[in-house]
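J.: Using the hints, position chain C against chain H.
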Amino acid sequence: MTADERALITVRVDTDDDLVGARALARRIAEHLRLGPQDTTRVATVVSELARNALRYAHGGAVTFGVTPPSLPRALRVTVRDHGGGIPDLDRVLGGTYRSRTGMGVGLAGSRGLMDAFHVDTSPEGTTVCVEKHLPTGVTDADVERAARDLLLARGADPVRELQAQNHELMDALAALAEREERLRGLNQELEDTNRGVVALYGELEEKAERLREANQLKTMFLSYMSHEFRTPLNSVLGLTRMLLARLDGELTPEQHKQVSLIAGAAGDLLGMVNDLLDVAKVEAGKSDVHVSTFRVDTLFATLRALFQPILTNPDVRLVLDDARDLPPLTTDEGKVSQVLRNFVSNALKFTPRGEVRVHVALVDGGRAVRFEVRDTGIGIPVEEQGRLFQDFTQVRSRPGRAGGTGLGLSLARKLTELLGGTVGLTSEPGRGSVFHATFPVTYAGPEVQGVNGEVPAAPAGEGPSTSTRPLVLLVDDNEADRYLLGALLAREHFDVREEGGGEAALRVVRDAPYRAVLLDLSMPDLSGLDVLARLRADPATRALPVLIVTSQVLTDDDLARGGALGATFHAKDRLYQGDTDGLVSTLWAAVRRAASHGEDAAGHDVSAE
Amino acid sequence: MERIPILKLGDLLLVTIQVDMHDRLALTLQDDLTTAIVAHGARGVLIDISALDVVDSFIGRVLGNIASMSRLLSAETMIVGMQPAVAITLVELGVTWRHVRTALNVEQGMRRLRASLDGPRA
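Residue numbers (my numbering), protein chains in the order written: chain H, 1 to 610; chain C, 1 to 122.
Hints are computed from structural coordinates only; laboratory data are not their basis. Heads up, the beta-carbon is just placed ideally off N, CA and C, and yes, glycines get one too. Certain hints may be false.
To be verified - These stretches of chain H come out as covered by chain C in the derived footprint (C-beta under 8 Å, 3 or more residues):
(1) 8-14
(2) 17-31
(3) 46-60
(4) 111-117
To be verified - Every beta carbon over 12 Å from chain H, so not counted as near; a handful from chain C, in silico:
(5) P5
(6) K8
(7) T16
(8) L73
(9) Q83
(10) G94
(11) V106
(12) E107
(13) R112
(14) S116
One chain only, chain H, in its complex shape (with noise of 0.2 Å):
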């Protein structure tokens, strides 16, 4: 074993696998330095038995093959290590007289007489065996190199071994896939674990959704109720105001009136709050209704200069109203157009304290879009408060001194804006001013356009029978403040009015005397208005009777349609008591006469102008 020594190939051998592998590599390098068969099983059988020593005694060790430097006899030179114990009787083994615990022994012995050369060197720390197989003349250093280079190439091709090897990988990879599919497994059991929790929280969400929902519809709903609730009795309390500021009951005393006007405008403007919070329920509830008609522009400011003119108290503030002549005709609604403007246009009244609000209109989106500005000079709105301002219940925090109303204005007025297809905002710089504007489609793109108020009678101007051809007319109302105003503003319009305070006792006295017609109250403790509408419809006699339903209720749609079939036209109380009677009476009228027409006596019911 000399440093020069053309080294083949090392193999471990750790396993009997190993063996058989260290056993078919002596033989093929034997066949390959052509030792021919005898010599060939020789050197595989002495390497099979030297290797398996190693296994067996020191559990392990590795076989290196080698050509011997050519300038000895040339052989084929194997030497196995290990780091085991050594062996400790060896010059008893090697002269053939030990046998070992195993009943075996002759490998040892047996082997040196195989080898042409055989070189044993163990110490406790290992044991290497030497042994050479002299190769026939004639090999070359080409055949070995021919030999080591095969070697390299065929290292691992032994089919057998390489099949193992394979099935060996494959197992490995059937575990390493077994367990793969088991970690996959669980991760998708803890998937579908995750999966039914997000199942359940979407569903606990949906359910909160749903309360949410419903608790807004509740907001809502209380919202209108109890504005309606308000409404009532406000609108006696005007009306009464009002009949007592108009002397209908005396004179009044400076200091009476001066009382009197104080509680009108207290009681107006609670009313204006209420009426916010009625229209913001409505437009929530989806029952605020567009009544499309066409107008100009130009009669709307007419209306919002005489509307403001008796507020303007502040001699530090001019309202100007641009001049709105040359604007098309706009087809939407102008109630709430008008509306929109009253708000922003008492907002900016209300923060200006010297200077002046204009209100500016000018066609924009290429003439399909008005744009109504209102421009102020007052205190201003600081940007982070601006994004929150056309919510509900808004009011700016920063703003000195008293803030009136509801804070449901401009979220009002966004509302109203949004309901047209327009648009809101605002631009302004604190202590500079404001600039409100609203956007709507010069026409309406709803779903109902139609002319409604074509369709309202022409109000019979100045027209009233005398004192003796009186109408008679019922009036059904439980409220008896509403009975009292409503008779007085119908005593006024030359009816002769007769009074019921429920719906049962009307439908007995219907028929004791000639009426013209009928008012009734919705909501009645012992029968509503529709039902006693449906049985006036029911008895012939006072099938044809013109009825008219007054009342402060939200109308539902389907009161609307019920009343509706039934010949019935209705009227808002709150419009009446703001001195807004002529539908009222044009209608009263104009059913009073078409009964006459067509009733046995018309004649001497016949009305005719003063």
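T.: Only chain C this time, still in chain H's reference frame:
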């Protein structure tokens, strides 16, 4: 686990070793064969080692043991087809077999086994 197949031919067992046996496989064969002798009541065992290039002391010892065990189980063992180089090496190695009969090939071995089994009865 790898095993060497044992074929039953009447009351004979035929084992053809076609792979280079590792030690454990040899011991397994020893166990399997003795079990099979008892199970089938075999009276003869034919072991064909013509495919073995190397029979070292361990395998030689195992084959000898198989023969001894079979004999105890009243079966004759015939090892056939040993390559000449293997035979020479076994002798040089100092492995000696007792109770083992040999033949050059399966056919000859079969004939001889049959003869010795049937002989006394005939």
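J.: Please settle this one: Q83 (chain C) was flagged as non-interface, so is its CB more than 12 Å from every CB on chain H?
T.: 7 Å, violated
J.: For the segment 111-117 of chain H, do at least 3 residues have a Cβ located nearer than 8 Å to some Cβ of chain C?
T.: Since 3 is at least three, the answer is holds.
J.: Count the residues of the segment 8-14 of chain H with a beta-carbon closer than 8 Å to any beta-carbon of chain C: does the count reach three?
T.: Since three or more residues must qualify, the claim that chain C covers the segment 8-14 of chain H is violated, with 0 doing so at under 8 Å.
J.: Confirm or reject the statement that G94 (chain C) sits farther than 12 Å, beta carbon to beta carbon, from all of chain H.
T.: 4 Å, violated
J.: Counting residues of the segment 46-60 of chain H whose CB is closer than 8 Å to a CB in chain C, do you get three or more?
T.: holds (count 3)
J.: Does E107 (chain C) really sit off the interface, with its C-beta more than 12 Å from all C-beta atoms of chain H?
T.: Check passes; 24 Å lies beyond 12 Å.
J.: According to the definition I'm using, a residue is off the interface if its beta carbon is farther than 12 Å from all beta carbons of the partner; does R112 (chain C) meet that for chain H?
T.: Holds: least Cβ distance 26 Å, greater than 12 Å.
J.: V106 (chain C): least C-beta distance to chain H exceeds 12 Å?
T.: 21 Å, holds
J.: Can we trust that T16 (chain C) is non-interface, i.e. its beta-carbon lies farther than 12 Å from all of chain H?
T.: Correct as stated: the minimum Cβ-Cβ distance to chain H is 16 Å, above 12 Å.
J.: The segment 17-31 of chain H covered by chain C? Criterion: 3 or more residues, Cβ-Cβ distance below 8 Å.
T.: Coverage by chain C holds for the segment 17-31 of chain H (6 residues, Cβ < 8 Å).
J.: Say whether it holds or is violated: L73 (chain C) keeps its Cβ farther than 12 Å from all Cβ of chain H.
T.: Holds, since 20 Å exceeds 12 Å.
J.: Just checking, K8 (chain C) versus chain H, shortest CB gap more than 12 Å?
T.: The claim holds: K8 (chain C) sits with its nearest Cβ about 27 Å from chain H, beyond 12 Å.
Going through the hint list in order, the structure does not satisfy hints 1, 9 and 10.
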